[in-house]
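Residues per chain, in single letters:
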Amino acid sequence: MGFTTRAIHAPFLRKDPHGSLHMPIYESVSFEFETAEEIEEAFLGKRPRHMYTRISNPTVEHLEQKIKYISGALAVVAVSSGMAAIADTFLSIARQGDNVITTKYVFGNTYSLLEKTLGPWGLEVRYADLSRPDTIEALVDDRTRAVFFETITNPQLEVADIRALSAVARKHRLLLIADTTVTPLYFFQSKDFGVDIEVLLSTKLISGGATTVGGIIIDNGTYDWRHNPKLEQEARRYGPFTLVTKLKREVFRNTGGCLAPHSAYLQSIGLETLALRADRSCENTMAIARHLAQDPRVQRVNYPGLETSLYHGVAKGIFGERCGALLTFDLASKKDGFAFLNKLKLIRRATNINDNKTLAIHPSSTIFCEYPDELKRQMGVPDTLIRLSVGIEDLEDLQADIEQALGA
Amino acid sequence: MKIKVNGAVQEIETRLSVADLLVRNNVEQPELVSVQLNGEFVQRDRCSAMMLKENDEVDFLYFMGGGA
Numbered sequence: 001m002g003f004t005t006r007a008i009h010a011p012f013l014r015k016d017p018h019g020s021l022h023m024p025i026y027e028s029v030s031f032e033f034e035t036a037e038e039i040e041e042a043f044l045g046k047r048p049r050h051m052y053t054r055i056s057n058p059t060v061e062h063l064e065q066k067i068k069y070i071s072g073a074l075a076v077v078a079v080s081s082g083m084a085a086i087a088d089t090f091l092s093i094a095r096q097g098d099n100v101i102t103t104k105y106v107f108g109n110t111y112s113l114l115e116k117t118l119g120p121w122g123l124e125v126r127y128a129d130l131s132r133p134d135t136i137e138a139l140v141d142d143r144t145r146a147v148f149f150e151t152i153t154n155p156q157l158e159v160a161d162i163r164a165l166s167a168v169a170r171k172h173r174l175l176l177i178a179d180t181t182v183t184p185l186y187f188f189q190s191k192d193f194g195v196d197i198e199v200l201l202s203t204k205l206i207s208g209g210a211t212t213v214g215g216i217i218i219d220n221g222t223y224d225w226r227h228n229p230k231l232e233q234e235a236r237r238y239g240p241f242t243l244v245t246k247l248k249r250e251v252f253r254n255t256g257g258c259l260a261p262h263s264a265y266l267q268s269i270g271l272e273t274l275a276l277r278a279d280r281s282c283e284n285t286m287a288i289a290r291h292l293a294q295d296p297r298v299q300r301v302n303y304p305g306l307e308t309s310l311y312h313g314v315a316k317g318i319f320g321e322r323c324g325a326l327l328t329f330d331l332a333s334k335k336d337g338f339a340f341l342n343k344l345k346l347i348r349r350a351t352n353i354n355d356n357k358t359l360a361i362h363p364s365s366t367i368f369c370e371y372p373d374e375l376k377r378q379m380g381v382p383d384t385l386i387r388l389s390v391g392i393e394d395l396e397d398l399q400a401d402i403e404q405a406l407g408a
Numbered sequence: 409m410k411i412k413v414n415g416a417v418q419e420i421e422t423r424l425s426v427a428d429l430l431v432r433n434n435v436e437q438p439e440l441v442s443v444q445l446n447g448e449f450v451q452r453d454r455c456s457a458m459m460l461k462e463n464d465e466v467d468f469l470y471f472m473g474g475g476a
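These protein sequence lines map, in sequence, to chains A and B.
Residue numbers for the first sequence follow our numbering, beginning at 1 and rising by one.
Residue numbers for the second sequence follow our numbering, beginning at 409 and rising by one.
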């Protein structure tokens with residue numbers, strides 16, 4: 001079955017008593033039991049029952065099962081946001097003194113989570129050039145627990161050679177964690193490329209038009225958790241279910257980043273049209289990138305779908321013709337960038353990606369505003385950069401708006 | 409022979425595999441359960457070949473459990 005067929009016809013775990021075609025929204029905090037013995041068994045994990053919505057909920061569970069059904073993953077945990085997905089994953093796999101290897105090109109809030117939030121608690125973050133896997137190897141030691149990367153970094157649009165990263169991770173028995181937010185599910189099969197864990201923002205393409213905030217943790221079931229000292233005891237009892245058990249019975253439960261049932265409902269419906277929206281937005285992005293690349297007022301255009309991108313070959317090998325819906329371009333100055341943004345009539349000035357609407361932003365003065373200029377330079381976020389997250393509007397209307405906004 | 413299933417003693421017939429025990433106990437949603445034999449995880453594809461012995465302890469555990 002194809003992606004969209006599976007997304008639309010994913011089965012329910014339990015038959016709905018009224019024959020509902022959509023999993024209803026179970027907007028209830030708590031669920032009752034017939035007997036004290038049943039509730040005891042449920043608390044001990046010996047009976048599959050929902051007890052309390054912070055921990056599990058039928059509507060949220062349906063979203064998890066739907067993603068599992070589509071992706072073929074071992075287990076899926078839906079959480080309140082993409083940042084919660086990343087935080088819960090790191091809190092589960094590492095302890096004080098451990099380190100993870102990533103790139104300075106990670107999303108601004110992810111960088112802040114690693115450096116400002118988890119760093120002071122004892123997680124060390126090491127930065128490599130992920131386009132050169134040998135730079136990862138030089139950083140690995142016996143406290144390294146994972147390599148973390150984004151499939152397409154935002155806003156640098158660097159595309160990692162995932163198979164090369166996987167080879168390094170396998171060699172050193174490290175967990176390979178991919179943030180697949182801009183290339184979720186439909187774009188590629190992460191398991192085939194050696195990714196162990198996916199974290200992603202369901203807020204973006206999954207939610208179906210930026211309706212709700214959410215995050216997803218996908219465990220492909222490919223990592224042997226006995227290689228992680230923090231989890232080796234659990235691994236003896238739970239085998240491939242080690243991470244999901246750690247999350248559900250400790251970290252996710254205790255940190256409280258649960259997804260609201262109403263959000264899960266909307267995201268479950270959003271999944272059904274993900275492929276249609278992804279195809280349309282990628283086609284629009286490619287056309288706009290080609291158009292901007294010919295425009296003399298534009299200094300530089302960056303999109304992995306363009307042959308001029310350093311990462312075009314790698315991106316094509318992983319994602320085929322769908323290289324995402326983010327593109328960036330440089331104008332002559334920050335002033336020119338602001339003038340462009342202020343002239344836009346159709347495209348919205350907003351910080352989000354993969355909405356149905358096309359959105360534009362100046363990353364340096366917004367998402368990365370808290371960092372000094374030198375760090376922004378290292379992060380690949382110059383003052384001249386404009387980011388477009390291309391939506392699914394009619395292409396001619398988008399092109400006309402960009403054209404008039406670039407005008408004098 | 410006697411074994412323990414989720415902490416409770418059960419009298420079972422001989423020549424029973426872990427997979428048979430899942431069926432015998434009407435384990436709900438077996439795709440969501442992790443099976444442990446004497447405290448060790450049992451791979452799903454080994455459940456049919458793994459035969460139970462006197463005094464074995466088998467636990468069926470779901471990862472949705474909580475504590476609110």
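One or more of the hints may lead you astray.
Rough simulated footprint, nothing fancy, chain B against chain A, three-plus residues with beta-carbon under 8 Å [as the list claims (entries may be wrong)]:
1) 132-143
2) 200-206
Which residues of chain B face chain A? A few of them, derived with a C-beta cut under 8 Å, are [as the list claims (entries may be wrong)]:
3) Asn446
4) Phe449
5) Ala457
6) Phe468
7) Phe471
Listed next, with one range per pair, are the computed distances between beta-carbon atoms [said to hold, decoys possible]:
8) A/Gly19 to B/Gln418: 18 to 28 Å
9) A/Leu341 to B/Gln437: 42 to 52 Å
10) A/Phe12 to B/Met459: 46 to 56 Å
11) B/Met459 to A/Phe31: 53 to 63 Å
12) B/Arg454 to A/His227: 13 to 23 Å
13) A/Tyr127 to B/Met459: 43 to 53 Å
14) A/Ala287 to B/Gln437: 19 to 29 Å
Derived from the structure by calculation, the hints contain no laboratory data.
Yeah, the Cβ is synthetic: ideal placement off N, Cα and C, and Gly gets one too.
We went through each hint and held it up to the structure:
Coverage of the stretch 132-143 of chain A by chain B is violated in this model, with 0 residues showing a Cβ closer than 8 Å to a Cβ of that chain against a need of three. Counting residues of the stretch 200-206 of chain A whose beta carbon lies closer than 8 Å to any beta carbon of chain B gives 0, which falls short of the minimum of three for the stated coverage. Annotation: B/Asn446 was flagged as interfacial toward chain A, and the flag is violated, the nearest CB pair being 11 Å apart, outside 8 Å. Taking 8 Å as the C-beta contact cut-off toward chain A, the hint placing B/Phe449 at the interface holds, the least distance being around 3 Å.
Interface hint status for B/Ala457: violated, as the beta-carbon distance to the closest one in chain A is roughly 16 Å, over 8 Å. Because the beta carbon of B/Phe468 sits about 6 Å from the nearest beta carbon in chain A, less than 8 Å, this interface hint is met. Here the hint on B/Phe471 is kept, as its CB sits about 4 Å from the closest CB of chain A, short of 8 Å. Separated by about 37 Å at the C-beta atoms, A/Gly19 and B/Gln418 break the suggested range of 18 to 28 Å.
The beta-carbon spacing between A/Leu341 and B/Gln437, approximately 51 Å, falls within the hinted interval of 42 to 52 Å. At roughly 35 Å, the beta carbons of A/Phe12 and B/Met459 sit outside the given window of 46 to 56 Å. A hinted range of 53 to 63 Å is violated for the C-beta pair B/Met459 and A/Phe31, which are about 37 Å apart. The hinted range of 13 to 23 Å is satisfied by B/Arg454 and A/His227, whose Cβ atoms lie roughly 20 Å apart.
Take A/Tyr127 and B/Met459: their Cβ atoms lie about 52 Å apart, and the range 43 to 53 Å holds. Checked against the given bound of 19 to 29 Å, the beta carbons of A/Ala287 and B/Gln437, roughly 46 Å apart, lie outside it.
The structure fails to meet hints 1, 2, 3, 5, 8, 10, 11, 14 from the earlier list, while all remaining hints are met.
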